[in-house]
Each structure stands twice: as structure tokens, then as C-alpha cells.
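Please construct the entire structure, taking both the sequences and the accompanying hints into account.
Protein sequences appear in the order of chains S and W.
Each residue of the first sequence is one higher than the one before, counting from 1 in this note's numbering.
Each residue of the second sequence is one higher than the one before, counting from 1 in this note's numbering.
Among the hints, erroneous ones may be present.
[What the hints assert, rightly or not] A few chain S residues that face chain W, going by a derived Cβ cut-off under 8 Å, partial list only:
(1) Ile111
(2) Met122
(3) Ser130
(4) Tyr148
(5) His151
(6) Phe155
(7) Met173
(8) Pro206
Simulated from the structure, these hints should not be mistaken for lab results.
For glycine and all other residues, C-beta sits at the position ideal for the given N, C-alpha and C.
Number of protein chains: 2
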Amino acid sequence: MSSDDTRGRIIDAAGEVFAEKGFRAGTIREICRRAGVNLASVNYYFGDKEHLYIEAFKLAHPAGPEPNLAQDWPDGALPNEKLRAFIHEMFKRLLRVESPAWQMRLLQREILEPTPFCMDVMREYFLAKSTHLMSVLDEVLPPEMPLYRRHQIGFSIIGQCVYFRAASPVIRMVIGEREQSEHHTVESLTDHVCEFVLAGLGLAPPLGKTAGDDNRLDFSRTDQAAAFTPQRKHESFVDEQEQDRVKP
Amino acid sequence: MSSDDTRGRIIDAAGEVFAEKGFRAGTIREICRRAGVNLASVNYYFGDKEHLYIEAFKLAHPAGPEPNLAQDWPDGALPNEKLRAFIHEMFKRLLRVESPAWQMRLLQREILEPTPFCMDVMREYFLAKSTHLMSVLDEVLPPEMPLYRRHQIGFSIIGQCVYFRAASPVIRMVIGEREQSEHHTVESLTDHVCEFVLAGLGLAPPLGKTAGDDNRLDFSRTDQAAAFTPQRKHESFVDEQEQDRVKP
DNA sequence: GTTGATTTCAAACGGGCGTTTAATATAATT
DNA sequence: AATTATATTAAACGCCCGTTTGAAATCAAC
Numbered sequence: 001m002s003s004d005d006t007r008g009r010i011i012d013a014a015g016e017v018f019a020e021k022g023f024r025a026g027t028i029r030e031i032c033r034r035a036g037v038n039l040a041s042v043n044y045y046f047g048d049k050e051h052l053y054i055e056a057f058k059l060a061h062p063a064g065p066e067p068n069l070a071q072d073w074p075d076g077a078l079p080n081e082k083l084r085a086f087i088h089e090m091f092k093r094l095l096r097v098e099s100p101a102w103q104m105r106l107l108q109r110e111i112l113e114p115t116p117f118c119m120d121v122m123r124e125y126f127l128a129k130s131t132h133l134m135s136v137l138d139e140v141l142p143p144e145m146p147l148y149r150r151h152q153i154g155f156s157i158i159g160q161c162v163y164f165r166a167a168s169p170v171i172r173m174v175i176g177e178r179e180q181s182e183h184h185t186v187e188s189l190t191d192h193v194c195e196f197v198l199a200g201l202g203l204a205p206p207l208g209k210t211a212g213d214d215n216r217l218d219f220s221r222t223d224q225a226a227a228f229t230p231q232r233k234h235e236s237f238v239d240e241q242e243q244d245r246v247k248p
Numbered sequence: 001m002s003s004d005d006t007r008g009r010i011i012d013a014a015g016e017v018f019a020e021k022g023f024r025a026g027t028i029r030e031i032c033r034r035a036g037v038n039l040a041s042v043n044y045y046f047g048d049k050e051h052l053y054i055e056a057f058k059l060a061h062p063a064g065p066e067p068n069l070a071q072d073w074p075d076g077a078l079p080n081e082k083l084r085a086f087i088h089e090m091f092k093r094l095l096r097v098e099s100p101a102w103q104m105r106l107l108q109r110e111i112l113e114p115t116p117f118c119m120d121v122m123r124e125y126f127l128a129k130s131t132h133l134m135s136v137l138d139e140v141l142p143p144e145m146p147l148y149r150r151h152q153i154g155f156s157i158i159g160q161c162v163y164f165r166a167a168s169p170v171i172r173m174v175i176g177e178r179e180q181s182e183h184h185t186v187e188s189l190t191d192h193v194c195e196f197v198l199a200g201l202g203l204a205p206p207l208g209k210t211a212g213d214d215n216r217l218d219f220s221r222t223d224q225a226a227a228f229t230p231q232r233k234h235e236s237f238v239d240e241q242e243q244d245r246v247k248p
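This is the structure:
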């Protein structure tokens, strides 16, 4: 258990604070206050703020046993099952609210705004993650598809997952608090991204209406859509969510 | 023209600096240095740093003429053409390197880490953007699909676009500088996301291999109802390990 | 040219930050 | 018990920040 000694308590508190506010805005004073230790302890145990951040990040990086290794799969697993497991794991980590919730937030922060001193750990982590996803995609994508194209597809999948987490404040502005808490859960988002991605890859039926004859462009567009699409629903965008926190 | 007087030069410089470093890390001193004005000018013209940020953000928000209004479309435009135009416009704004490159970066920053004083402008902007995307999707998605599902699809599309920009440093770590500069251009990424999204919606052929039936599910003929059968919730083979890492 | 308002300027203020220090308390070793 | 090593503490240092100030410069109108 790392939260017994001073050093461990500092790292834990640092992880929380840095994940919440970032490296620069997260202050040593708050970290020490939260850890219940003296201000000078950080410099005593870690030298300076930067090295404390690195230590916290190293702890966050391999956070928990990385379960998604290629050889972990049962031999008979279908590609869509593997893909689903990958996305599910991603959302579980991104959205988890349990005790060590800060690890993924810290990682996410490094993705979107890298600090110069963690590049090596980051590269290692993402190479592993990407390689794993690529190995799954390889079973699905045609062999003649160029590598850059496979990469684009992989990042499209990861990007969707990360976005739902990273942009959640702005998403809440659009769909309202209720819809978000109800439908942007691990399970619901996993279902959605899986459906969308698998459809794009041809492993599941497409999400659009299948009115036409084949999956070519469908020409039954405007009339049908205008007739059946309830326009009211768009007004529910405005969705009476009001939290104002404005300053005087 | 805003860049002639002192006030305008300050706003321009503030936009750049805030877009690069964020509200907190961007200092008034650097802004004034870049604008070539005295340090006290910010407080003379704007009162304080926060109001300067708001002014810069207001200028960034309607950056350029917003071309993507629903009524702008030619009446005969197909849904996939509209979708492509939406994605293309998104990437053009996200990846542009021309003179006012900072507007979208500032907006992107507010998406991923909102400052409390721009919420209103943000909400207005994103409601408009989302409503527009939804109106396009409505022509494609079956009318009985619930609203939350449409929202998820919309955010999946936007999320892909934003991610390619926001995570570009980490993406570069994985694919290398050459592949990124060569294939992560506005046109190449527009092509990719369009293909992927349209395939997911059934407006284009899927990206996966279509030849063999080795491990591929066959959806050659599916009725519409099949598209909405919920995925199995619990994949038993998915990892169960949620333990925290314990330090030795 | 004088007056009066507006704009620029150099300098400083107070506060929060990361970091250091030197003294003290605790533990370990002999 | 005495001595050394280790850990904690309160206080301070120096730095950069946003902000303020009061005087100098610039401009406008008569």
C-alpha cells in the first residue's frame, strides 16, 4: 500500500491534483495540504516539482495490469469481439469513477497537451496500445490497404472514445445533464462506438436507414426524412439544464 | 481592421498566446511584448486579464464567416455530400495554418478544458454546430432511432475530427513525422473520416475486407430492425482485472 | 499656444509560486 | 545512553505574476 508513508501519500495526492489541474496549475502547496504533509516534503523526497510529476505519471502509466495484450485472446475470438473488448476497456478506464480515477485523466492530459518530460513513457505506452489495436484491425482490413490508412482507422476509433471523455463538459452543454448521465455510461458508449465502428468495417449492419436496394447511395432521402423526423426533438436541445455559476 | 490600433494588436497577440498556452499559462507580459505595447495597456483597455480573454475568445468564436448553415445547401445535395462538406469544413478550420490559425485552437482549448467565463458563447456555438450536423444526420438515420443515439453518432463524427488535431503530438509519436505530414492533411483526413463515417451509416461500402467469409459476419441481407438489436452487454471473456497496482 | 482629455510609459506593489534553509523531532546504531 | 542518520517542521528567499500608480507624452479643440 502506497498511502502509508509520506512519499506514497504525496504521489497519490499529486496524481489527483495534476490530473485535475494540470502540471502548471497544480501547486505543490495544494498537493502537500491534501497529503497532509509539510510543504518541504516534496523537495525532500523528489527534488522538485517536475520529478514529482514524472513519478506520479509513471505510476499512472501502467495503471493496473494492462489486460489488452494480443496473446491474451482466446484463440477462437472473433475480430468484432476483440474490438469490442478493446473499446470496452478503453471506456472503462476513461470513465471510471473509482478510487484511482486520476490515472487516466493524467494520461489524457498528456495526450492533449504533452509536457516535455514524459515523452518517453508516453511513446512507449501509445506504441503498445496502438500496436495492439492494429493487430486486431489487421484481421479485418484487406491486406492491400496501406499502413497509413490502417493508422487513420485506429485513431478514429481511439479518438471517438477519448472525445466522449475529454469533451464531456461541452457535450453536457448540448445534450443536457440528464441525457449524459443516462446514456454516456461505459456500457452505453461501448455499445454505440462498437456499433458505429463495426458497421464502418463491415462487421455489423450500418446505422443508417436501409431503404435502398444496396449499400450504395440511397435516393429516398428528403421526403421520407422530412415526413418522419420529429422536428420537436431538436428543440429539446435547449433542454432545461441550468447551472449558472456566473460571476457577478 | 483590428491590428492597427493598440487595442486590436493586443487582442490579436492575446489570441495567439492564449491559444498556445491557455488562459493561465499565457501571461500578460508576453502578450504585450508580442503586441509591442506597454504592459499596462491591457488593464487600460480591458480592465483585467479575464476580460481580455473573453474579448479574444469572442473574436475567435465566429471566426470567419460560418458557412455551414443548413439553408446554404443546394436543394438537391445528397446527405453524403452534406456530410462531407461538414467534415471538410471542420478539418479546414482545425488544421489551418494560415494567419488566424489561433481561433480554432482557442476554441478547441475551451472544448477540452472550459474556462468558466465563456460558457455562454461556447454553448451557443456548439448548439448551432450540433444542430446543423443533426439536421444532416436526420436525413440518413431511421426516424425511430432515439435522440440520444443520434447525438452519440454526431459526437463520434466530431470527436474523430477533433482528436486528429488535439492529439497530433502523440499521434506523431506513433506514426512518425513523415507519415503525419504526408497523410494527415485536410484532404487526406477528410477522405478518411468521410469514408469511415459514411460506411458506418450505410452510405458507402465498408472498409473491412469483403472477400472471404473466414471470420466475417454476413450481413448481406438484413432488415432494418436488425440494426437496432442491442449488443450483448456482458462479454464473458472480457478481462475482470480491475486491481490497483501495488508497489513493492 | 494654451488647455484639457486621452493614451503611453516606467516603476512599483502585493500575492502566490517553487525552492531553500536551518532548526527540531524521530529513529537507528553502537 | 550517546551518537549518528533520517525525517519533519516553520520560516524565509527569490521569482514571476496580475494589477496599480502617477507622471510623461500625445492629441484635439479653441
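Status of each hint after checking the structure:
no., hint, result
1, Ile111, "5 Å, holds"
2, Met122, "6 Å, holds"
3, Ser130, "5 Å, holds"
4, Tyr148, "4 Å, holds"
5, His151, "5 Å, holds"
6, Phe155, "6 Å, holds"
7, Met173, "4 Å, holds"
8, Pro206, "3 Å, holds"
When each numbered hint is compared with the structure, no violation occurs for any of them.
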